[in-house]
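Chains as they are written, first to last, in this note's numbering: chain A, 1 to 305; chain B, 1 to 287.
Quick caveat, the hints were computed from the structure, so don't treat them as lab data.
Be a bit skeptical, because a hint or two may be false.
[Said to hold, decoys possible] Short derived list, chain A residues pointing at chain B, Cβ under 8 Å:
no.	residue
1	Arg22
2	Pro29
3	Met31
4	Leu144
5	Thr190
6	Leu192
7	Leu239
[As the list claims (entries may be wrong)] Stretch-level coverage of chain A by chain B, calculated; a stretch enters the list once three of its residues show a Cβ under 8 Å from a Cβ in chain B:
no.	segment
8	56–64
9	121–127
10	273–279
Ideal Cβ placement from N, Cα and C applies to all residues, glycine included.
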Amino acid sequence: MTMSGIAFPSPRRRKRKQSGWRGLLYIAPAMALVTMFFVLPVLFTVWMSLHKWPLLGTPAWIGLGNYVRMVSDARFMTALGFTAHYTIIVTIAIFAVAFPLAIFVEKQRPLISVYRTIIFLPVVVGLASASLLWVWLANVDSGLFTPLMQRLGLTNGRINLLATFDAAFLTIIAMVVWKIAGFTMIILVTGLQAIPTELTEAARIDGAGRWQRFRYLTLPLMRRTMALALILSVTGSILAFDQFYIMTSGGPQNRMISVVYYIFNQSFVSFNLGYGAALSIALLAILVAISVVQLWLLKVGEDRP
Amino acid sequence: MRTRSEIRARKATWDRLAYHGIGIGTAFFFLAPFVVTFLSSFRPNSESGTPPLPPWPRSGISFDAYRALDGFGSGIWQHMFNSLVVSIGTVLLTVAVSVLAGYGFSRYRFPFKNVLFVLVIATLMIPFQSILTPLFIILARLGLNNSLFGLMLVYVTLQLPFSVFMMRNAFDAVPKEIEEAARIDGARDLRLLVRVLLPLVMPGIATVSIFAFLNAWNEFFAALVLLSSNDNYTLPVLMTAVRAGRLGAINWGAVQAGVAVMVVPCLIVFLLLQRYYMRGLMAGAVK
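Isolated chain A (complex conformation) (with noise of 0.2 Å):
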């Protein structure tokens, strides 16, 4: 090249030349396939909406058309309203049991990896196995749990755990709880341990009581962790269909369809591909709308820490 005359900075400057391009065939084949079966698919997500898209037959240019449908669709409406009403209670539920279970293992005991590792344990397996394994225990004629009750009085006659919406949404939330809680406990144990032990020990010398201790010093300090534990639960349920698709088939009196199962139901059983991309930004716009959200709670636990 023309600074070759120049003994000292050319090498220099051809190498970094050549590792630029040398750099992005490294990560080629990854962006190859980020572009290919993501980036392409939410563009083409976006330009399906706006079509009437059927599995045959040519697409027909609808503009807002599915978006209009949408907002007067009480059927998605009602999907919206069971996925938020499925997350909140799901969510508590986790809490209510992945955090005494954080305290529980949080210090270090004999066998105390033994428990941590035995609660972890459905955290590894499937949804889908686990949703199966749960209808199984909650049949009422082949079952664990109906006989169960009965035998220990705690029921009168055989009750069919998946016949009444209350009781098979309980069902649902306890398999979650089951398959979940693990995770939920593993994070916050990360929280817990990350405070420092001169603080609780300060605390408990001042004369601070358990309870104390644990509203005022704990719980400010583990602002982050349970923001992310929180976020991780929320997306998740919001995206739930195994559960429901698996044991209940969406019933009973389809009261248990969520989001994802509606626009499953609309995409691949109705064959409606334009209405179920619109559904699926509206679903995507909700969760970009929760991670905002993630960001802002996440600071705010910075701002006080």
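Got chain A; can you put chain B on it based on the hints?
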């Protein structure tokens, strides 16, 4: 009169009893569903429809439930094979792609590096459930609809944000001096990466592999949508057929056996490689 030390010793004993009491009780609640299912899956046909009280087989161990499971779809071996192919393929591809990308992001400078890295990580914010319809169409255009390879590519993409992040951190942790020494010895580029650096980032690779395996093995929604022919079903999709039953009757023995087949590999992988799994969880949580 009891001495002080006696009282203290007694209190410590009570504390320990209460601690292990709570521990065993909790462990029981989390372990029982697995144990009940495993034991029940070895009951003969005559017992499999009855409540698991007691859960163990009363008239000798039988493989009826597994035989019944084999009668669904294209046979349990075929579907186990499908699940294994997809999971192991996902692991290998994820490791290959994320090692290269992690190395590139850690060691090279190139235009738009930060933008591209953020783009890879940002995909975490968008749930794949919302882009399944276009994925379905794109895979069809590529001739990869209803194919295990197509499903594998989707799973690899889903693993990338976490895996690239992990591998970049792993390479960041390797001292530059090692690389320079190897370079002086004449090792370059891919050879340097494979021979010198790969052994040093093995823990990161283990973490990436476990998460890729478990997620691919357990994934249900994408498999349900993207696979359309019986022969290609992975285990979770096959199980929907078992769950639906035949002529209105559900063979619960087959359900128990199916759960056992799906759950046991996860538990074994986790128990063997727990350390690496937890590392990944912490890395994700701290971030």
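Cross-check of the supplied hints:
no., hint, verdict
1, Arg22, "holds (6 Å)"
2, Pro29, "holds (5 Å)"
3, Met31, "holds (6 Å)"
4, Leu144, "holds (5 Å)"
5, Thr190, "holds (6 Å)"
6, Leu192, "violated (12 Å)"
7, Leu239, "holds (5 Å)"
8, 56–64, "violated (count 0)"
9, 121–127, "holds (count 6)"
10, 273–279, "holds (count 3)"
Violation of the numbered hints given earlier is confined to hints 6, 8; the remaining hints are satisfied by the structure.
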